[in-house]
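If you read the sequences in order, they're chains A and B. According to the working numbering, the first sequence is numbered sequentially starting from 1. According to the working numbering, the second sequence is numbered sequentially starting from 1.
Derived by calculation from the structure, the hints in this document are not laboratory data. Treat the hints loosely; a few may be bogus.
Copies of one chain are not kept apart here, so a pair can be met inside one copy or by any two copies together.
[To be verified] Pairs of lysine-lysine residues, derived as DSSO-like cross-links and limited to a Cα-Cα distance of at most 30 Å, are as follows: (1) K145 x K115; (2) K145 x K323; (3) K323 x K115; (4) K15 x K115; (5) K323 x K15.
Note that the coordinates shown come from a computational prediction; the quantities given were computed from them, not determined experimentally.
Number of protein chains: 2
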Amino acid sequence: MPAVDVTGEFETIRKLLAPLAHPEWGRGLLDDVAVLPTRPGYDLVLTKDAIVEGVHFLAEDPLDTVAQKLLRVNLSDLAAKGAEPFGYMLACHWSERCGWPEREAFARGLAIDQKAFGIALIGGDTVVTPGPASFSVTMMGWAPKGRTVGRSGARSGQLVFVTGQIGDGWLGLQAAQGRLSLAPERVAALAEHYRRPMPRLIFAPVIREMARASVDVSDGLIADLGHIADVSGVGIELDLEPTPLSAAGQAWFDTRVDEQAALERLATGGDDYEIAFTAEAGDEETLRREAERRHLRLTVVGRVVAGRGVTVRFGGVTLSVPKGGWTHGHSPVDGATES
Amino acid sequence: MPAVDVTGEFETIRKLLAPLAHPEWGRGLLDDVAVLPTRPGYDLVLTKDAIVEGVHFLAEDPLDTVAQKLLRVNLSDLAAKGAEPFGYMLACHWSERCGWPEREAFARGLAIDQKAFGIALIGGDTVVTPGPASFSVTMMGWAPKGRTVGRSGARSGQLVFVTGQIGDGWLGLQAAQGRLSLAPERVAALAEHYRRPMPRLIFAPVIREMARASVDVSDGLIADLGHIADVSGVGIELDLEPTPLSAAGQAWFDTRVDEQAALERLATGGDDYEIAFTAEAGDEETLRREAERRHLRLTVVGRVVAGRGVTVRFGGVTLSVPKGGWTHGHSPVDGATES
Chain A
1 MPAVDVTGEF ETIRKLLAPL AHPEWGRGLL DDVAVLPTRP GYDLVLTKDA
51 IVEGVHFLAE DPLDTVAQKL LRVNLSDLAA KGAEPFGYML ACHWSERCGW
101 PEREAFARGL AIDQKAFGIA LIGGDTVVTP GPASFSVTMM GWAPKGRTVG
151 RSGARSGQLV FVTGQIGDGW LGLQAAQGRL SLAPERVAAL AEHYRRPMPR
201 LIFAPVIREM ARASVDVSDG LIADLGHIAD VSGVGIELDL EPTPLSAAGQ
251 AWFDTRVDEQ AALERLATGG DDYEIAFTAE AGDEETLRRE AERRHLRLTV
301 VGRVVAGRGV TVRFGGVTLS VPKGGWTHGH SPVDGATES
Chain B
1 MPAVDVTGEF ETIRKLLAPL AHPEWGRGLL DDVAVLPTRP GYDLVLTKDA
51 IVEGVHFLAE DPLDTVAQKL LRVNLSDLAA KGAEPFGYML ACHWSERCGW
101 PEREAFARGL AIDQKAFGIA LIGGDTVVTP GPASFSVTMM GWAPKGRTVG
151 RSGARSGQLV FVTGQIGDGW LGLQAAQGRL SLAPERVAAL AEHYRRPMPR
201 LIFAPVIREM ARASVDVSDG LIADLGHIAD VSGVGIELDL EPTPLSAAGQ
251 AWFDTRVDEQ AALERLATGG DDYEIAFTAE AGDEETLRRE AERRHLRLTV
301 VGRVVAGRGV TVRFGGVTLS VPKGGWTHGH SPVDGATES
């Protein structure tokens, strides 16, 4: 595209982004392309997620956390597939609110997470838009040839596991919007999770070895297990009682009168970025040990059965599917309310 | 990201995009990732360009041509590097004007160009934005290991070549905006070039063999040669007289009184998507033959010299650099006027 630097794009690339580029593959962002050596014995695993202001992040979110969320939602996809990330292509669609200090903050967020997760910027594009800011990333990683975990390997008899805790994504959005009446430190912890979720890359090597079908929890636990069930051609029974909650999530849960409704809410909320996967029942003990070694919570939340779709159970009873399915039925930022 | 299908994203993926996906690598767009076998002996070459409505394409541009332009501006980057494209990751940020028929048109445009250029959709993301539509692509190709042509190989004594014709990008924008008073078929041809530029992939194998430094003409011929001069640490002398014009470009040129100003205008306009490259003078004949075999125009427009930056010459005289450099100094859609 014709690039005239009226909006400072060249300066942004030279001063803010070039220092983040992979020293060899990124060519200092001085070329039109990135050139990557291939890795014999490995497959290249790619994912792409885009985020839009007012839809996937809040207009008042600081841009360093927006940059971190952008990387992390993409890293989460790779973690759930057992892949090891190494770099990314970035497209920035800056809005008017993205002045130089905001762009600096964005680059700072990228730098922090590049170090944290061992990745480098490989290339990309920056443009301005008269609309809200949006960003997209193509995240790349390696997995041993033929070993990327998909959604299609779930078989009757396997157990369904989930890492970490469920519900902090949705609760975090409420917290970030000032809609939660909990102790300030709880609200802060939840908002922090919404802005900077933690991709479970630490568990990726275990996923690669032992998971049969795997997905990251972005649409909501029930919906994401539904993806596995659909693609694998099986049924999944999900028990709501063992839903693992964070301390803040538990504090919110304790204020609820209708426990079933509360757990349904958390299991459909999305934005958790945990890994939900199926594995052979015989591997449960090994999985628990591997999770413990990594100080990572791991919970059995259900089982794979013959049939179709996800069956949700609470108190020994199978719940009927709500109208519109097991999704919360509104856009993540605008529609959701806590009550 | 939590994906609730209020805006038809799942339907868009299932009905419009999944049929475009690479049968194996794209996993039917049913997974969170794409998995690509690596290719021994080859490097992976990546580029990413984003386009925004009202900035890089016009609000009234039909979405099938927008999709084609999106692919082509990315393919052009690979062509200039001598790489062979095979697939792409796509991010769609749909605006309110992108209803189902518009999305269908967009997918139709992708399908046509996938077939034309031998590429497949590998994966991506679709989201909605309350602002103008924007799209980005990460285009991927292969180049024999270590053979990707960069910007740094220009050396004193080499000649500077350009494929095709210069100026149709800028003239095409004027035409698409109804600002040109030329014969209707000229206006139509120029607008068509603006909406659907032709990436010079046909010349990529020759570029790979014989170009020493290469760039696609997106910012404007002078500015893009400036990138080569900067990165290579050399000077480039560009002669304006041999600037190759299309029939429509020539028709416009014939209406101009100030020939020098007209050629400066075309050489700074950008959006041409030709390949500008340097090669050894001794290779000129071979290059001409290879271009001829492909029915592609090839013009020597200058030479590499000791020094720094681009020196522009007309009528045997070196022109002084305008204030603000050899760029047209305004955004591609909004600011440019024909007169």
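Hint-by-hint comparison with the structure:
When the C-alpha separation of K145 and K115 is checked against a cutoff of 30 Å, the pair qualifies both within a copy, at 26 Å, and between copies, at 28 Å. Taking identical chains as interchangeable, the C-alpha atoms of K145 and K323 are never at most 30 Å apart, the minima being 42 Å within one chain and 55 Å between chains. Proximity of K323 to K115 under the C-alpha cut-off of 30 Å is found in neither arrangement, the shortest distances being 44 Å within a copy and 41 Å between copies. In this assembly of identical chains, the alpha carbons of K15 and K115 lie at most 30 Å apart only when taken from the same copy (18 Å versus 39 Å across copies).
In this assembly of identical chains, K323 and K15 lie within 30 Å of each other by CA distance solely across copies; the values are 23 Å between and 52 Å within a copy.
Comparing the model with each earlier hint shows violations of hints 2 and 3; every other hint is respected.
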